[in-house]
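Trainee: In terms of our numbering, the sequence shown opens at residue 1015 and continues consecutively.
Everything labelled a hint here was simulated from the structure, so no lab data went into it. Heads up, the beta-carbon is just placed ideally off N, CA and C, and yes, glycines get one too. Treat the hints with caution; some may be incorrect.
Derived pair list, reagent style DSSO-like, types lysine-lysine, alpha-carbon separation capped at 27 Å [said to hold, decoys possible]:
#1 Lys1449 - Lys1510
#2 Lys1449 - Lys1357
#3 Lys1267 - Lys1052
#4 Lys1371 - Lys1357
#5 Lys1313 - Lys1275
#6 Lys1360 - Lys1469
#7 Lys1268 - Lys1364
#8 Lys1232 - Lys1268
#9 Lys1357 - Lys1510
#10 Lys1076 - Lys1113
#11 Lys1086 - Lys1064
#12 Lys1393 - Lys1449
#13 Lys1120 - Lys1017
#14 Lys1371 - Lys1449
Cβ pair distances, simulated, as ranges [unchecked claim]:
#15 Asp1425 - Tyr1339: 24 to 30 Å
#16 Trp1432 - Asp1262: 39 to 45 Å
#17 Asp1191 - Arg1162: 45 to 51 Å
#18 Arg1162 - Asp1239: 45 to 51 Å
#19 Asn1089 - Asp1326: 25 to 31 Å
#20 Thr1165 - Asp1426: 45 to 51 Å
#21 Ser1273 - Asp1445: 32 to 38 Å
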Amino acid sequence: MNKLAVFELGVNDISLTIFKYTNNGFFAPEQQIKEPVKLTQDMERDGYIKPARIQETIAILKNYRKIIDALKIENMICYANPIIASARNQIAFLDEIYKTVSLYFKVLTREEQISALHSAVMYSFAMTRGIIMQVGDHSTELIKFNRRVVTHSVSIPYGMVNLINKEENLSLAEKMDKVVSVLTKEFKKYEWLYNIEDDCEFIGIGEAFVSLGKLARKATHYPLDVQHNYEVTTESFQNVYNLIRGLDLDKAKKLKGISEKRADCIAIGLAIIKVAYNEFVRGGFKVSTNGEMYGIVAKNLLSQTGEKPLLDILGYSLSAINEFYPTNINIDSNYSIAVILYKQLKVLHKLTRPYVKVLRIAASMCMSGKRISFEDYQKNNFPVILHSNIYGASHRDIVLAAFVASSQNIDDFSLTEWVRYRDIVSEEDLDAVKKLAIIIKMATMLNITNSNSIKDIACDVLGDTVILKTEVERDATLEISQAMSVAGDFKKVYGKNLQIL
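Using the sequences and the hints, build the whole thing.
Mentor: See the structure below:
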């Protein structure tokens, strides 16, 4: 297993993130450390990063360097926020770091930042058309893409810190109102923001969006504690916005989901986001926990493999999970058999195409609970799937897949747990989960030896009996015998007897 160390000089902190990766392009974060440093504090007075900040930065980087030296990590990426480029002593600052710690930092250009943000979304969302918005401390980035290619982009020099002078004698509500007024005029300069297709999706990146997602989930009692790909509807946003705007700063600091030290910045960030909701957003923003770092790493590691841009985000994500947390199952074979069964039994289950994505996740992770314990691993599948950072799937897809994979024995299905997720799943999903669970269990049994013995399956429905005729390449006695153990649950769910030949 290879390791990659990523150093980031941010506006408010300096981070070291260690990624593990394979030669075939799979990667995942393994460790992250952040130390707060107000690198650009007071820089606006004369344009210089102050000596105290420089020494503080070098001290932190020395400690980070000790970590990667101890781990013998030689592959490194070092980059700095574009705001560093505005410092009059940026060259001397970066030279001092290089001489002292032997780390060469590249200051991102705005174009490189836009490219990294776009890549981060392309490698973690299954969408072809959309608008990306990042709200930072000193700038706001807007990116429009179509067929996964950037068509328009802009970096607006207004962010959570520099948009409203903190010395202004204004209440929090007055500051937020002023932000909305200023940014509304700014956004109207870009006609492409208002020329939006019906299937355009919206992705929000940055601390303000993450905090918004936390507050919205809390306000709606959302049952799933997953940040990535959570969609904040217009109604949810308005409720959160009105709540924050109606509080004074001291009370806002006490809200769970908002950093006490950054409450005023987050409030300004929400005001920036409000302009987007007011002006061009339809439906809501999907929150992305992957920002420019993820995009930089993805581009770097995947370019080394010679891979073309990923189109099957879900497949890549599931393969990456299996690569780093293997469960001794060929997930491609398991899914292949599950799809055959799904198609052959369609006349009985009558499920629509969107459930195929649920089937794919469940088939790939039907043994993931073994990471916790072999005993009752099917029940353990549920929490593992919910918190596995599966990209290219909605929260609904993931929740349904978790129920499918944990209910392979139908008696294990928990109606009490199902009720907890009633705001994500529907009544018709309940029937679908049970039918898919049977298919997953059968597919797993027919693939139990991992020998690809089963090549095809034909289905005949004769009265109250379903006959599955297998086409095999080698002896599949064990596979068929194990699959027949599902006959009792098959009868409960599909209402018919099962024979497998």
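Trainee: Taking the hints in turn, state whether each one holds.
Mentor: Outcome of the hint check:
1. Lys1449 - Lys1510: Roughly 12 Å between the alpha carbons, so the hint for Lys1449 and Lys1510 holds.
2. Lys1449 - Lys1357: holds, 13 Å
3. Lys1267 - Lys1052: holds, 19 Å
4. Lys1371 - Lys1357: Holds, at about 14 Å.
5. Lys1313 - Lys1275: Violated. Lys1313 to Lys1275 sits at ~33 Å, over the 27 Å cutoff.
6. Lys1360 - Lys1469: holds, 19 Å
7. Lys1268 - Lys1364: Distance of about 50 Å is beyond 27 Å: violated.
8. Lys1232 - Lys1268: This hinted pair holds, its Cα atoms lying about 14 Å apart.
9. Lys1357 - Lys1510: holds, 17 Å
10. Lys1076 - Lys1113: Given that 27 Å is the threshold and the Cα spacing comes to 12 Å, the pair holds.
11. Lys1086 - Lys1064: Measuring from Cα to Cα gives roughly 32 Å; hence the hint is violated.
12. Lys1393 - Lys1449: holds, 17 Å
13. Lys1120 - Lys1017: Holds, because 20 Å separates the two Cα atoms, which is no more than 27 Å.
14. Lys1371 - Lys1449: holds, 14 Å
15. Asp1425 - Tyr1339: 24 to 30 Å: holds, 27 Å
16. Trp1432 - Asp1262: 39 to 45 Å: Once the Cβ atoms are compared, 41 Å apart, the range 39 to 45 Å for Asp1262 and Trp1432 holds.
17. Asp1191 - Arg1162: 45 to 51 Å: violated, 37 Å
18. Arg1162 - Asp1239: 45 to 51 Å: violated, 30 Å
19. Asn1089 - Asp1326: 25 to 31 Å: Holds, since Asn1089 and Asp1326 (Cβ atoms, about 26 Å apart) stay within the stated range.
20. Thr1165 - Asp1426: 45 to 51 Å: Given a distance of about 48 Å, which is inside 45 to 51 Å, the answer is holds.
21. Ser1273 - Asp1445: 32 to 38 Å: 43 Å Cβ-Cβ, so the 32 to 38 Å window is violated.
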